[in-house]
Amino acid sequence: MLVKRAELLRQVRQFFYERQVMEVDTHLLSQFGVTDCHLSNLTTEFKYPLPSANEKLYLQTSPEYAMKRILAAYKHDIFQLSHVVRDDEVGRFHNPEFTLLEWYRVGYNDNQLIAEVAELITELSDAPGTKVITYQHAFIEYLGEDPLTASGVESIRQRLIEQPALSDWMSRETDEDTILQVAFSEFIEKRFPVEVPVCVTEFPQSQAALAKIDKRDPRVARRFEFYYQGVELANGYNELSDPAEQRVRFEKDNEWRKKNGLAAQPEDTRLLAALESGLPECSGVALGFDRLLMVICGAKTITDVLPFSIDTA
Amino acid sequence: MANYSTSEFKGGLKIMQDGEPCSIVENEMVKPGKGQAFNRVKIRKLISGKVVEKTFKSGESVEGADVIELELSYLYNDGEFWHFMNNETFEQVPADEKAVGDAEKWLVEQDVCTLTLWEGKPINVQPPNFVELEITETDPGLKGDTAGTGGKPATLSTGAVVRVPLFVQIGEVIKVDTRSGEYVSRVQK
Chain A
45 MLVKRAELLR
55 QVRQFFYERQ
65 VMEVDTHLLS
75 QFGVTDCHLS
85 NLTTEFKYPL
95 PSANEKLYLQ
105 TSPEYAMKRI
115 LAAYKHDIFQ
125 LSHVVRDDEV
135 GRFHNPEFTL
145 LEWYRVGYND
155 NQLIAEVAEL
165 ITELSDAPGT
175 KVITYQHAFI
185 EYLGEDPLTA
195 SGVESIRQRL
205 IEQPALSDWM
215 SRETDEDTIL
225 QVAFSEFIEK
235 RFPVEVPVCV
245 TEFPQSQAAL
255 AKIDKRDPRV
265 ARRFEFYYQG
275 VELANGYNEL
285 SDPAEQRVRF
295 EKDNEWRKKN
305 GLAAQPEDTR
315 LLAALESGLP
325 ECSGVALGFD
335 RLLMVICGAK
345 TITDVLPFSI
355 DTA
Chain B
12 MANYSTSEFK
22 GGLKIMQDGE
32 PCSIVENEMV
42 KPGKGQAFNR
52 VKIRKLISGK
62 VVEKTFKSGE
72 SVEGADVIEL
82 ELSYLYNDGE
92 FWHFMNNETF
102 EQVPADEKAV
112 GDAEKWLVEQ
122 DVCTLTLWEG
132 KPINVQPPNF
142 VELEITETDP
152 GLKGDTAGTG
162 GKPATLSTGA
172 VVRVPLFVQI
182 GEVIKVDTRS
192 GEYVSRVQK
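These protein sequence lines map, in sequence, to chains A and B.
Note that the first sequence covers residues 45 to 357 in our numbering.
Note that the second sequence covers residues 12 to 200 in our numbering.
Excised from the complex, chain A in its bound form (with noise of 0.2 Å):
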């Protein structure tokens, strides 16, 4: 398995260098943390403060606002393999440190990165085409359902309460988000085939995160999801780069985590600053590099395919 890892950690970066992106190194330590509503950074704590910091230290979820600095100040192509960290997650496709491949290309649509990425799990896995469907249709497909209606996502709740499963909480469940995602993963992510992989994308603009709204249908957001065998694999975005709907959406972040009795967390500045200066137009995704090494060696679970899982680190 190590070798596999290392032999997978060679063919990435040989994947980029022939494509003339740049590889970059950011900090794991960092003075923010995200205000994203379902991510928790883990948190430690400096013992000889700085005169520019707090004491309080973040460890970053993901290197995405560290690389949109570099990207605003270079405008250059760049990726990275880089260890991250997230509270709250272990089973069997999480380990709470795990490694993320993430790569922006500068002047790409989230189309042209969805080909790219396609490009990469073929060359790495050997796998055939990529199925690529919107949001909506893979709902209507799957299910019968349009999600991007109230009255559908009243239906898919109706379908989710059927289920002898879910029907406690769903019931009293009245947040479309997390109807849609649930169901999601309950109806659609289990009937993607699962010889090719599956691009999903137009998320609802509820769920953009970081992705730009799309400018002829604003009920969906340029952003994308790859799945494969049965596994999430990667996330993507033509990136938002204005940093006033930037700033809205870190304060509808810290709104949603307030109601949802969770701390709201500080707005990076520092991104905020970036965007001010000017990102260039890019789209960018991060790829899960240990699930992507899971489903190459057939692996059932995380562990198998890390040095050391957090049970034995």
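The hints are simulated quantities; they were obtained by calculation from the structure and are not laboratory data.
Since this is a predicted model, take the numbers as computed values, not measurements.
Using N, Cα and C, we set each Cβ at its ideal position, and we do this for glycine too.
Hints are supplied without guarantee of correctness; some may be wrong.
[Stated by the list, open to error] Ranges of calculated distance between the beta carbons of each label pair, as one might list FRET restraints:
1. B:Glu71 with A:Asn153: 38 to 44 Å
2. B:Lys61 with A:Arg314: 52 to 58 Å
3. B:Gln137 with A:Tyr92: 55 to 61 Å
4. B:Glu37 with A:Glu299: 51 to 57 Å
[Stated by the list, open to error] Straight-line distance between alpha carbons at most 27 Å, and here's what the computed BS3-like set of lysine-lysine pairs gives:
5. B:Lys132 with B:Lys116
6. B:Lys109 with B:Lys53
7. B:Lys25 with B:Lys56
8. A:Lys296 with B:Lys53
9. B:Lys109 with A:Lys344
10. B:Lys21 with B:Lys132
11. B:Lys56 with B:Lys21
12. A:Lys302 with A:Lys234
13. A:Lys344 with B:Lys186
14. B:Lys132 with B:Lys56
15. B:Lys61 with A:Lys234
16. A:Lys175 with A:Lys259
17. B:Lys109 with B:Lys61
18. B:Lys132 with B:Lys109
19. B:Lys68 with B:Lys56
20. B:Lys132 with B:Lys163
21. B:Lys109 with B:Lys56
22. B:Lys68 with B:Lys21
23. B:Lys53 with B:Lys21
24. A:Lys234 with B:Lys132
25. A:Lys296 with A:Lys259
26. B:Lys21 with A:Lys234
27. A:Lys119 with A:Lys302
28. B:Lys25 with B:Lys163
29. B:Lys53 with A:Lys234
30. A:Lys344 with B:Lys53
31. B:Lys68 with A:Lys302
32. B:Lys186 with A:Lys303
33. A:Lys234 with A:Lys175
[Unchecked claim] Just a few of them, taken from the derived set where beta-carbon distance is under 8 Å, the chain B residues facing chain A:
34. Ser18
35. Lys21
36. Glu39
37. Met40
38. Val41
39. Pro43
40. Gly44
Mind docking chain B on chain A? Use the hints.
Just chain B now, with coordinates in the frame of chain A:
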């Protein structure tokens, strides 16, 4: 009873569901990269024995079940209750028919059984994996037969019926696996 958050879920944890104490068999965290996490859990209902699947929203809490497991030795049956004793405290615990269930046919005096107690009352009795019981009834076997030819039914002193090899006779003591109800070997007295 304390409440447990989904982050404390693990195999063996006892929780209340649908008014019944349950034990978690399997817990899998499902977490989209950008989205609500939840726990897909297999639970065994401890009274009915049924295994069901439940999905919990991560971060929610569920009521714990006041369930303990005790190793107690079987004493006797008074016609209504089966009595067990804690060999350290000598405290006696009566279990009713519902709790004993199918375990009845494997209960041998002084054998140590695992009793599951909910709010102090036995709800399940698990016999030892192997018990030794005397054969009270079986057809006489044919001479020269050896194990592996299909065997014959034999009734044991507790009323249990198991298949035994043809050479095993009335009055002999045999070892039985209580999980499968299968004959293991003869026991030399």
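| message | Would the hint linking lysine 109 of chain B and lysine 56 of chain B be met if the CA-CA limit is 27 Å? | response | Within the cut-off at roughly 14 Å; holds.
| query | Is lysine 25 of chain B close enough to lysine 163 of chain B, meaning Cα to Cα at most 27 Å? | reply | Answer violated: lysine 25 of chain B to lysine 163 of chain B is near 42 Å, above 27 Å.
| request: May I ask you to test the hint 55 to 61 Å on the CB atoms belonging to glutamine 137 of chain B and tyrosine 92 of chain A? | output: holds (57 Å)
| Are lysine 68 of chain B and lysine 56 of chain B close enough, with their CA atoms no more than 27 Å apart? | holds (20 Å)
| Hey, lysine 21 of chain B versus lysine 234 of chain A, does the alpha-carbon distance stay inside 27 Å? | holds (24 Å)
| Agreement of lysine 302 of chain A and lysine 234 of chain A with the hint, judged by alpha carbon distance not exceeding 27 Å | violated (32 Å)
| message | Need the status of pair lysine 132 of chain B, lysine 109 of chain B: alpha-carbon distance at most 27 Å? | response | holds (11 Å)
| CA of lysine 56 of chain B to CA of lysine 21 of chain B, is that 27 Å or under? | Given that 27 Å is the threshold and the Cα spacing comes to 15 Å, the pair holds.
| query | Per the CB criterion, is methionine 40 of chain B less than 8 Å away from chain A? | reply | At 4 Å from the nearest chain A Cβ, methionine 40 of chain B passes the 8 Å test, so the hint holds.
| Restraint status (C-alpha distance of lysine 21 of chain B to lysine 132 of chain B at most 27 Å) | holds (24 Å)
| message | What's the verdict on lysine 234 of chain A and lysine 132 of chain B, does the C-alpha distance respect the 27 Å limit or exceed it? | response | At roughly 42 Å apart (the allowed maximum being 27 Å), lysine 132 of chain B and lysine 234 of chain A break the hint.
| Is the hinted pair lysine 296 of chain A and lysine 259 of chain A satisfied, with a Cα-Cα distance of at most 27 Å? | holds (21 Å)
In the structure shown, a violation is registered for the earlier hints numbered 4, 8, 9, 12, 13, 20, 24, 27, 28, 32, 35, in ascending order.
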